[in-house]
Amino acid sequence: DGGITQSPKYLFRKEGQNVTLSCEQNLNHDAMYWYRQDPGQGLRLIYYSQIVNDFQKGDIAEGYSVSREKKESFPLTVTSAQKNPTAFYLCASIRPEVAEAFFGQGTRLTVV
Amino acid sequence: KNQVEQSPQSLIILEGKNCTLQCNYTVSPFSNLRWYKQDTGRGPVSLTIMTFSENTKSNGRYTATLDADTKQSSLHITASQLSDSASYICVVSTTDSWGKFQFGAGTQVVVTP
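The listed protein sequences derive, respectively, from chains P and S. Here the first sequence is numbered in the numbering used here, starting from 110 and rising by one per residue. Here the second sequence is numbered in the numbering used here, starting from 60 and rising by one per residue.
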């Protein structure tokens, strides 16, 4: 059963804490992406990785960090430097030949 | 400035009725346009893809149209069902930036019995 798995589904963070969101895929896609979704706005790109051990900043990378040590995994860390982290976070892998993004089920992060 | 604008922002329709969602884009150079359906609290799922040369494409009760000259697309839902209640997102990709997509803010559709 191929797809993208994000965990946890819900995450609560205290101010000043770093938290890590997990994203795993078994679609054998090279490219993986992290997006942030806020109400009334389109998805915004945080980071993306086109290949293992390489990643690029997206449009809103400040306060976030990523790693890509394995093809299957692309975890996102929300650091204490991110001033407004409460949002819905979506991970995707890309099938470039048809320009299709396959999304995980998302992680809702709330600062308490 | 968002390069993909969707309208309306939200709409409510009665079960069994039809509706049409609009997407205008300024993304250039254009590669393709996809419509995604996003159920509440879930990730988006692709419905249709349109390339430059395609005018119409259907997926069951969903029909997408594309006018590449005016840079407009629409998504028509026929005989709506309660399960059609979701956000519908227009996504445009460009040949300029590999794998980078421009997302619309989505249209929230609520189908009522």
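If you are wondering where the hints come from, they were derived from the structure by calculation, not from laboratory data. Take these hints with a grain of salt, some might be off.
To be verified - Keeping only pairs whose Cα atoms sit at most 25 angstroms apart, straight-line, the calculated PhoX-like set for lysine-lysine is:
id, chain 1, residue 1, chain 2, residue 2
1, S, Lys159, P, Lys180
2, S, Lys130, P, Lys166
3, P, Lys166, P, Lys179
4, P, Lys179, S, Lys159
5, P, Lys180, P, Lys192
6, P, Lys180, P, Lys123
7, P, Lys179, P, Lys118
8, P, Lys179, P, Lys123
9, P, Lys192, P, Lys166
Stated by the list, open to error - The following residues of chain P were derived to be distant from chain S, with all beta-carbon distances above 12 angstroms:
id, residue
10, Phe121
11, Gly172
12, Lys179
13, Asn193
What the hints assert, rightly or not - Okay, the calculated bits of chain S under chain P, using three or more residues with CB under 8 angstroms as the criterion:
id, region
14, 81-90
15, 122-133
16, 138-152
We put the beta carbon where it would ideally sit given N, CA and C, even for glycine.
Checklist entry - Holds or violated: is the Cβ of Gly172/P farther than 12 angstroms from all Cβ atoms of chain S? => result Given a closest Cβ separation of 20 angstroms, the condition holds.
Checklist entry - Can the region 138-152 of chain S be counted as covered by chain P under the rule of three residues or more with Cβ-Cβ separation shorter than 8 angstroms? => result Held - the region 138-152 of chain S has 3 residues with a Cβ nearer than 8 angstroms to chain P, which meets the minimum of three.
Checklist entry - For the pair supplied as a hint, Lys159/S and Lys180/P, is the alpha-carbon distance within the 25 angstroms limit? => result Holds: Lys159/S and Lys180/P sit about 19 angstroms apart, inside 25 angstroms.
Item to check | Per-stretch coverage check for the region 81-90 of chain S, three Cβ contacts closer than 8 angstroms to chain P | outcome: Three-residue rule not met by the region 81-90 of chain S, so violated; n is 1.
Checklist entry - Has the given pair, Lys180/P with Lys192/P, been kept, meaning a C-alpha gap of at most 25 angstroms? => result violated (30 angstroms)
Checklist entry - Between Lys180/P and Lys123/P, is the straight-line Cα distance small enough, at 25 angstroms or below? => result Violated, because 31 angstroms separates the two Cα atoms, which is more than 25 angstroms.
Checklist entry - With d taken as the least Cβ-Cβ distance between Lys179/P and chain S, does d exceed 12 angstroms? => result holds (19 angstroms)
Item to check | Non-interface claim for Phe121/P versus chain S (Cβ beyond 12 angstroms) | outcome: With a cut-off of 12 angstroms, Phe121/P remains clear of chain S, as the shortest Cβ separation is near 16 angstroms.
Item to check | Restraint check for Lys192/P with Lys166/P, where alpha carbons must lie at most 25 angstroms apart | outcome: At roughly 18 angstroms apart (the allowed maximum being 25 angstroms), Lys166/P and Lys192/P satisfy the hint.
Checklist entry - Lys179/P and Lys118/P: Cα distance at most 25 angstroms? => result Holds. Lys179/P to Lys118/P sits at ~22 angstroms (cutoff 25 angstroms).
Item to check | Lys130/S paired with Lys166/P [C-alpha distance capped at 25 angstroms] | outcome: violated (28 angstroms)
Next on the checklist: Check the hint pairing Lys179/P with Lys123/P against an upper bound of 25 angstroms on the C-alpha distance.
Outcome noted: Not OK: Lys179/P and Lys123/P at ~29 angstroms, beyond 25 angstroms, violated.
Checked against the numbered hints listed earlier, the structure breaks hints 2, 5, 6, 8, 14, 15; every other hint is satisfied.
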